[in-house]
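Quick mapping for you: the protein sequence lines, in order, are chains X and R.
According to this note's numbering, the first sequence is numbered sequentially starting from 1.
According to this note's numbering, the second sequence is numbered sequentially starting from 1001.
Keep in mind the hints are simulated off the structure, nothing from the lab.
Relax, there's no trap hidden among the hints.
DSS-like cross-link-like pairs, simulated, lysine-lysine; straight-line CA separation at most 30 Å: (1) Lys55(X) to Lys296(X); (2) Lys296(X) to Lys1296(R); (3) Lys296(X) to Lys1055(R); (4) Lys55(X) to Lys74(X); (5) Lys55(X) to Lys1296(R); (6) Lys1055(R) to Lys1074(R); (7) Lys1296(R) to Lys1055(R).
2 protein chains.
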Amino acid sequence: MAVYTDVGDDELRAFIALYDIGEVLSCKGIAEGVENSNFLVTTEGGNFILTLYEKRVARHDLPFFIALMEHLSKNGVACPIPVRGRDGIALRELRGRPAAVVTFLAGMWPRRIQPFHCGALGAALAALHRAGASFGMTRPNDLSVTGWRRLYETCRRRAAEVQPGLADELDAELALLEEEWPRDLPRGVIHADLFPDNVFFREREVSGLIDFYFACTDFLAYDLAVCLNAWCFEADGSLNVTKARVLLDGYRRGRPLAADELAALPLLARGSALRFLLTRLFDWLNPPAGALVRPKDPLEFLRKLRFHRGITNLGSYGLDA
Amino acid sequence: MAVYTDVGDDELRAFIALYDIGEVLSCKGIAEGVENSNFLVTTEGGNFILTLYEKRVARHDLPFFIALMEHLSKNGVACPIPVRGRDGIALRELRGRPAAVVTFLAGMWPRRIQPFHCGALGAALAALHRAGASFGMTRPNDLSVTGWRRLYETCRRRAAEVQPGLADELDAELALLEEEWPRDLPRGVIHADLFPDNVFFREREVSGLIDFYFACTDFLAYDLAVCLNAWCFEADGSLNVTKARVLLDGYRRGRPLAADELAALPLLARGSALRFLLTRLFDWLNPPAGALVRPKDPLEFLRKLRFHRGITNLGSYGLDA
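When you get a sec, could you build the whole thing from the sequences and use the hints?
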């Protein structure tokens, strides 16, 4: 969430008048995230989030995301609910961009991750996967193994600007992952980007999940591997085994992991680390024009990737052998 | 308003617990403005603005600003009201910065200025000046004529980077303004920065004034000169005489202008144009580290300055001779 596109008072008033949520009282651009322009809109009906989808989100994917949030919220997942206009339409256009109004979720994302956060996250992720099982639409994960090489090729020549020798290491890693990536694990709807800033808490409970704009159909255990990378490492680059165990236990209580899913975990975690390394590398080398946020350090994920590469048994994630 | 300093969920919860406004439900950084870090905080008590004062606002000035907002709101001016904690204190500290919570104002600032906005603005400015007359504190305007040379000296050598010959023109202008600046016009509390993004409207009415962090004691007519520059010029650099007339008429209905104030208007407008030219020039040459906003064009105010320099009679502002 950032602000790439300004919305004027007149056009906002006209836009919000299409909904049954009362007069606009206020609209503030939100200084968070990187993908879309987000505004906190207060109306007589309460607080809402207005999102203008910028070019990184493909227009043809939006019906999937909107329908997914509607489906999940109907199935007990606390997430933003797309608000339909008086005409029944949830996805429309504003300032030449696709735009949607969604409900506002109470809660704050945790800055200092503690084990209880990871346990609650695991349970919420399992609940998301269960609720997603009855969702009728699919969307390929274009940021999984089949998409990495194309992304990597756009950065490969300049990888040394970030760290000498980086290209050699990534060449080898990518070749191995393409060769050994699992073909047959349980699949379903995954969030695919469940970092702490996408998970709201009230007290010690998850109060909502946001930002479904990378959601897709993929291995469910891959979502868990993303969370392992996003939640369980300390600032010094070491894995906090307690957090990993609590995350995995929390998940398994909601959705048991099969033996092949467990066995694939280190490889899925390497893949997930590479995915964020590559997108951050791309953003580092090509900062989006007009972005009001600083690019994130790609090398954080190189260190995580190396950690998972060294895993010889699942005890390293806090699991019993 | 921008976000220079992040506030974590734990520290925010602890901070808000000092007030009697309920549990924090959400906190979003606001992507607007340039001076301070601002957050829209939703609690069980409603929406509030949390401001962390960054280094551009002098700590010793804060009691003036807080007391001024309290005074004005008690005297009928719609503006943010500082919220006092359970201990009676409104100004405290968060993340090593002075911080305050103020009430949230409904309304949006106008992007496309129409004459009715200028009329309502004039009336609101006069009401502000009237309410300020009973305010007991004073604060010198360090961005008026006595402060310009010091600011200019920090930019003078590099002025040509922005426009060739700029230094020569500003040398002459500054010398003239220092010589001819009025000494004895009606004084009082002025806002000193009443640009459109600091004035909220609902429908055609002003619903509130914000951002009092340049407020000071100075010529009341200087505030009007700031508004003339901020509201009455078109994008092509020309003055819209209708807007100027409506602004001045709206003001005079609420507070009549004396003959010497009217006569000084072109000079005050030149001074006000120079003031914004200089601060923008400074920011252009020294963009604040970590600012998530782009610096504004200083030359916009050079064009305005030149316009006012050419004024030979007040008819150019839409006033009768």
